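Engineer: Let's have the full structure, built from the sequences with the hints guiding it.
There are 2 protein chains.
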Amino acid sequence: MRDLSPLQKARLNYNPKLAGALVKGIKNVKISFSGATSAVKDENEIKELFKDVYGQPIASFSDKGESLSMLNKNVGVILSGGQAPGGHNVIAGLYDALKQANSSNKLYGFLGGPSGIIDSEYIEFNDEFINEYRNTGGFDIIGSGRTKLETEEQFEKTLATCNALNISAIVIIGGDDSNTNACMLAQWLKAKNTGIQVIGCPKTIDGDLKNSQIEISFGFDTAAKTYSELVGNIQRDANSAKKYWHFIKLMGRSATHVGLEVALQTQPNIALISEEVEAKKQSLKSIVDYITDVVVKRANAGKNFGVALIPEGLIEFIPEMKTMISALNDILASLEKESSFVNAQNEEKYSIISAKLDNESAGVFNSLPSLIKAQLLMDRDPHGNVQVSKIETEKLLIEMVKANLKQRSDFKGKFSEQAHFFGYEGRCAAPSNFDADYCYSLGYNAFALISAGLSGYLSCIKNLTEPAANWKAGGVPLTMMMNMEKRHGKMKPVIQKALVDLNGPVFKEFETNREKYALEDCYVYPGAIQYFGPAEVCDCTTLTLQLEQKVAVQC
Amino acid sequence: MRDLSPLQKARLNYNPKLAGALVKGIKNVKISFSGATSAVKDENEIKELFKDVYGQPIASFSDKGESLSMLNKNVGVILSGGQAPGGHNVIAGLYDALKQANSSNKLYGFLGGPSGIIDSEYIEFNDEFINEYRNTGGFDIIGSGRTKLETEEQFEKTLATCNALNISAIVIIGGDDSNTNACMLAQWLKAKNTGIQVIGCPKTIDGDLKNSQIEISFGFDTAAKTYSELVGNIQRDANSAKKYWHFIKLMGRSATHVGLEVALQTQPNIALISEEVEAKKQSLKSIVDYITDVVVKRANAGKNFGVALIPEGLIEFIPEMKTMISALNDILASLEKESSFVNAQNEEKYSIISAKLDNESAGVFNSLPSLIKAQLLMDRDPHGNVQVSKIETEKLLIEMVKANLKQRSDFKGKFSEQAHFFGYEGRCAAPSNFDADYCYSLGYNAFALISAGLSGYLSCIKNLTEPAANWKAGGVPLTMMMNMEKRHGKMKPVIQKALVDLNGPVFKEFETNREKYALEDCYVYPGAIQYFGPAEVCDCTTLTLQLEQKVAVQC
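Going line by line, the protein sequences match chains A and B.
Residues in the first sequence are numbered consecutively from 1, following the numbering used here.
Residues in the second sequence are numbered consecutively from 1, following the numbering used here.
No wet-lab data here; the hints were simulated from the structure.
Possibly wrong hints are sitting among the right ones.
Which copy? The list can't say, so a pair holds if one copy fits it or any two copies do.
Straight-line distance between alpha carbons at most 25 angstroms, and here's what the computed BS3-like set of lysine-lysine pairs gives [stated by the list, open to error]: (1) K242 / K390; (2) K148 / K243; (3) K356 / K497; (4) K30 / K390; (5) K192 / K157; (6) K395 / K373.
Please read all numbers here as calculations on a predicted model, not as lab measurements.
Structural biologist: In structure tokens, the structure reads:
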């Protein structure tokens, strides 16, 4: 038995590179401010909801400006939502800055996500404990959770916990929703004059928490690289065995940044982009026809193999599927009360449902393979709704392509398939050097924002395609990224999600080349994430970021 | 668009380490021999079948002994069977030795596996071409195939191809079956006095081509490390989210060396070993009960999560399942002719089948979840038989554990599951330094055996847990590893497969610790394969090999 793998041991000793703007140490950082900010949309509503934290200026750290006050500050930190590689380094960076500022400062970690601060379940970090988690993947250091911090009662309890521990700032590491709630908490604490600050850190492997100020959320780099490794390996297998079509679903329900990055890294024959499907109002049939066409063309060129990438959220972006599923939810709610339905065999159930759907939805439902119909009826969520995340979209497409191929007189080849789903393999991978450095800087920077007395800010590190020595650091007011959106029928303030921009340089790069990818074999094999080799192998970030920043793509 | 990833570029320049015994170059290698050899079993039958290549001595290369003749030799090489990381380096090593011996020597690569030599489809290698494939994964350099070289007609065509190209030696890179056929070809060519030699190289990610002479087949190291990376990542996710049980099936139908190595690398809560299931005649029920017990014990300790490893071939090692599937094959053959069965709905089909099975098999069949019953009936192979490889064993176990938990009054926890299958992700991974070095040495050594005029030998590199400078090199007569086994009802000569030895040090290490793995969280996170870092991170081979060779485990 052993405790750690050789790589785990080696990575514990990695010294993450701190952003150039912070590298002189927390005591030497100076701050300056831009003018007042606004919101991306719905300024009046946002201002009304966040009276006390709205419109604050963007903060920048450098060696010019005001010094930070090194008051005694105890801080509490929370991991919120799904795992992303590098979360532990955010905490390590925060801890190091806090202790460098004043060795009597305390850092508390709330256990199991936001519920930890509400229920006052916590640990206090010390050197020995934190050192075991440096540069490691996972959120197991204190655990994470999905409780939403949003009610008055929760805020009251949070305040009580902070007062009991003499905590004067809370750092929330989370995605768009968690940071929206961080801002609500900041507003509440400020309105009550508690003096307790709230700072957010941008986390999500999906890469959809980004905007004019935030270049990328942490974890995206490592997760996309891990999936690229696997997709590349499978491509090499496809290209060696020359007998399988691999349909690979990639985690990510609301945006396809991961799928697009992996597509650019590996150059597969097919990569579906949910945002394009929605924008072009593509039907399931048209998607299946597109895939079938590629399969047929390749077969006619003697290639009975290929690789297709499918975004996890695809189904929810196909208008007719969305309509059908929503109708199905209503129908099932009433049918579940009828014993004649409940006791029926599957095939009978399908007929009953089909008869109750309108023509268009019935057509869509009937076009689905029985495996998928069965999945739609099984395992509904606690509200009785179809669990879209349980639908095996990769198998749905395989079955429909198979059926389609039988109708195609121009298809003379063979079609044998393999289905894959990658998600959990990447969320907790050990962070790449980029994510290790970026996260450490985000955490360190969060303490600089705390020292500057700020609240309602998101920790912000910029210039990320350059070496860390050139990275800028600062803070962005959370309200600046917000607008009003409908959630469960109500208008709510939320941080605007960044979907794939179909006119942006990343999608354009893919669009320009995808026909070539489809028919020729342009496979690239990224291989495993490297930590110790040449900089171009170990330290470059994603193609997405390089293309977005219009720097010459270096690696 | 790009052609190569940064890692691909960097790896092209890696200089694989040649075994110490060969490092002075092909022209300076000397050969010596042990006494005559025998077969592992059935000596008389093997001797009779392989009259002209039976009993040859073991060959060793060093700087003492006879010099090799540097005659002009053209060689043909074949990749046979499933992909394994490092195959390209076997060819690169062979090419380099052949050109160093005599720059006018030619190396031909036969396309698409053994059928390439039969049909005379080939390329001639040159520097530029071979340089593009150094240290890369996959078998795409010339492709592979599963044609078995075994008939007189195939041998005649092979001879014709060799004569046409003036080829005097064939190198077959393959697993146990391919090397058995290599030996048949060697015998045939020698009996006919053709002067054409045949040399094998031991390939398979399954790790079951090993014996007193062959320490390990190539590809096992990289594949097991790639799966370990993924399993470790998933464990970190399980241990962070603390809400899922992950059931992970690992490729490998006949032996569980991969599963056992991954279990030692990652220390999961459960790892099933097919050889143990067979030896202890475990029933499906007893396996499900064992898993359920672990789930319940962990839940009662507040841990509603875990990771279980399932070998792909499990079902075929459960005696009652084997019996039931074999009965099912017979029953389905006749039922498929009855339209009342063919047109029946699934549930009816299950009743019809169940009525025709004997009591024990009916009990097993009826205990299966309907998903699995459906898989047994769908997609049969060309002979009409159930395709065991298509059965989702990981889902079978999940469904049965779920059903079991409902009966357990002592279970108060939650059970949410995720199913995974890893196979294609590892077969074509870029070779680890170990596999890159080992394969290069195997190929280089194959040409040394050819230069020594030998035929019917397997290329052999030993001492593999030591640094490459201490690796020994030589050749083992293929007949030495053979015995007679029943295949499709007939006794045939085959290379004996190495299954997991339940009394060996590797299984014992696992057995000693598995209860601890089950209940405590002993997860180890191996991370991605590294190529450039410290030796203990980059150059160590598997724990299996370290334990088998009883060296102090170094990494």
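Engineer: Report the numbers of all earlier hints that the structure fails to satisfy, in ascending order.
Structural biologist: 3 and 4
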